[in-house]
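A.B. asks: Dock chain one against chain two, each of which comes alone in its own frame, and use the hints as you go.
As a plain string of letters, each chain reads:
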Amino acid sequence: MATGWKIVAAFIASLSFATLYKVQSQQIMAAGIVGTIGWLINYYLSQYGNDVVAIFAAATAVALSSEIFARIRLQPVPVFLVPGIIPLVPGGQAYQTMLSFLQGNYLAGVEQLVNTLFLAGAIAGGIMLVSSLFRQRKIIQEKET
Amino acid sequence: MYQNEKMVSLILLTGELLLTSGAEIYRVEETAERMGHTAGFTDVEVYTTPTGFFLTLVSSSGHVFTRVRRVRWSDNNLANIARVNALARQFAAGDIGLAQLEAGLLEIKEELPVNNYFQSIVGGIGSGAFAIIFGGSLVQALYTILVGFCVKLFLTSYNKKGTSRFIGSALGAAIAAALGLLGNTLWGFPHDITILSGVMILVPGVAMTVAIRDMISGELVSGVARGAEAITIAVAVAAGVAFILGLGGF
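First to last, the sequence lines map onto chains A and B.
Quick note on this note's numbering: the first sequence kicks off at 6 and runs consecutively.
Quick note on this note's numbering: the second sequence kicks off at 1057 and runs consecutively.
Extracted from the complex, chain B is given alone in its bound form (with noise of 0.2 Å):
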């Protein structure tokens, strides 16, 4: 009985993982399902969206166990995604035991916090690879990683867990305009290259991939919900670009 019960934290604890690592609905479910038949459930029946999932499992006594996990926040962690989706299939091959799953999935949980600041030189040098493929000198490259750092600093440093996602991008996407705009008075780099290399970094990358995945896997509501998610963050996006510039008077 005790070992049913920890087998279903497990389980929750893994879709929840993946989930909150923005994985596609059916890797959540085929995870879930495949860990619990491996687990000696006789029945196993998962239920997902991108903000939440129910589970019932049924023991091989006829115990029924139900849970819900609701998903309130995510990131883009591919990491994670692979590092779980590993750990689930050593244990579905029958490689690694309870514990070793258990502490697998904790150590993954108990991620050490990423370096706000390499984030940023990262997201940086992001920009500025954009801003030549844009077809900008080398100098506005330059002018770029300093656009997409300030950009990315503050994303970083906003998007703690519950602020909204949009007003984030909205305000990011203001401060690439006001950047491309010093950028373009001060040395004369054009104001497009800068605010459209300093804004790649906040394209919805994963929701977008994710949701075409999600649609050909079958899952309507999750594809939709993602994909409106995209669209609301590219919205978001316009209007923090056209408020700076319609202020600049373009």
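Bound-form chain A, shown alone (with noise of 0.2 Å):
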């Protein structure tokens, strides 16, 4: 499937996880835009390096947008950031690491999970990151207020 399919179904996925976990309908459209440019990052930094390093910039990346749209909106934080983290979890590498072990190769098993840990700490480190640094832009804030 051609990459321009990909970058449409991203946008879907997103799209359709905002209005599952019941995200308002004036802000399901820039949930699907933070989803979306988190899948590309991640799809191209991928390509050419280090997974772990791509998939923490693209959350960074999600993290950041979702911050500045959070702004922008008025809105709270999660509103654009649950749906465009969706796009990025390492549902595949969990499963072979559940099939690996399924079928008896152990060895496999914990390497492609150590693997998937890998990822979903790269997801929340990037998360991490950009809500810490908000927030303690806020704190100050509210200090000198």
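Misleading hints may appear alongside valid ones.
Some, not all, of what chain A presents toward chain B, calculated at C-beta under 7 Å [what the hints assert, rightly or not]:
| hint | residue |
| --- | --- |
| 1 | Ala-18 |
| 2 | Ser-21 |
| 3 | Thr-24 |
| 4 | Lys-27 |
| 5 | Gln-29 |
| 6 | Leu-86 |
| 7 | Ala-129 |
| 8 | Ser-136 |
The hints are simulated quantities; they were obtained by calculation from the structure and are not laboratory data.
We put the beta carbon where it would ideally sit given N, CA and C, even for glycine.
C.D. replies: Structure (structure tokens):
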């Protein structure tokens, strides 16, 4: 399937997850855009380099754009962050891990498990980095006022 | 006095609505504190966990109000978080009064039941989109839409208040796996892609993301609890798929 189709699919996936998590209809498009940005960054960076670095960069971009959209639209950050992060979830790797263990390939399973945990950790790290920066800024602003 | 008691109940209701919609802990606590101070309480203490919260307010005349609210069941509803958030902000800014706040909160609480079929169709479309992302063909994506629809329809009818989320996720994953194998047998669609896309709608996205945000704001208890919830569901999904694949001889 061509890349163009995949981009459209990533957008649709984010849109439908935003709907499943009952995001208000005015914000769904923005959530879809956030998800697509993250997916695109992960897709292109992972072709040229390390998977973990790629997903970290993507998660950072998703968190950053969620914070920006939240401020423009005056909405809580999770409205954009939660649907936006879904296309990055390392479901494929988790599935492979499960399959390896099921087939008795414990060595391969452990290797894939570590890989999955690294990817999940990179997503968490990306969100943490951006969220804590913005939270720090908010606390400082509140102290000044 | 009556005014104060009313206010305590409203703060309690606000916290409950936020928690049952899956909001972060600091949002619940900050909102309660802001509302309490706006209403003229001199001291506001809130302690929140994902399964309930304690609230103590001291009025200017020295009366102490303490209430506990247990939250047994929560759903992912980002719209409710946004709406409660907006209401609380308006109240804190003095734009709306007590009566309007109460009316607004009750309106959110009396939310119309969501249409299960609509949610299921949306879930199906989400699964179909993932099938394309994972490299499936357009025809397979159409089949995956059906798979996602079945999984989500099962989940929405199963996930009534009080039922185990673990079992629900495991059974949902088993359905996806069974349909994935069926599609492989009948039309030769790679079952890996179908199963993977089908179980994507079971991913505990809100618990996962909110757990991280809780951790950052120092809410370690809640962060660990929600992280554990996310991991439990992930294990349930893996168990459901593994069971069916094991039966199928993979």
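A.B. asks: Do the numbers back the hint for Gln-29 (chain A), that is, is its least Cβ distance to chain B under 7 Å?
C.D. replies: holds, 5 Å
A.B. asks: Ser-21 (chain A) was flagged as interface toward chain B. Is the shortest Cβ-Cβ separation under 7 Å?
C.D. replies: Holds - the Cβ of Ser-21 (chain A) comes within 7 Å of chain B, reaching about 3 Å at its closest.
A.B. asks: Hey, does the Ala-18 (chain A) contact hint survive, CB to chain B under 7 Å?
C.D. replies: Nearest chain B Cβ about 4 Å off; hint holds.
A.B. asks: Should the interface hint for Lys-27 (chain A) be scored as holding, given a Cβ-Cβ cut-off of 7 Å against chain B?
C.D. replies: holds, 5 Å
A.B. asks: Is the shortest C-beta separation between Thr-24 (chain A) and chain B less than 7 Å?
C.D. replies: holds, 5 Å
A.B. asks: Measuring from the C-beta of Leu-86 (chain A) to each C-beta in chain B, is the shortest one below 7 Å?
C.D. replies: holds, 6 Å
A.B. asks: Does the closest beta carbon of chain B sit nearer than 7 Å to the beta carbon of Ala-129 (chain A)?
C.D. replies: holds, 5 Å
A.B. asks: Closer than 7 Å between Cβ atoms is the bar; does Ser-136 (chain A) clear it against chain B? Give me holds or violated.
C.D. replies: With a minimum Cβ separation of about 5 Å from chain B (threshold 7 Å), the hint on Ser-136 (chain A) holds.
No hint from the list above goes unmet by this structure.
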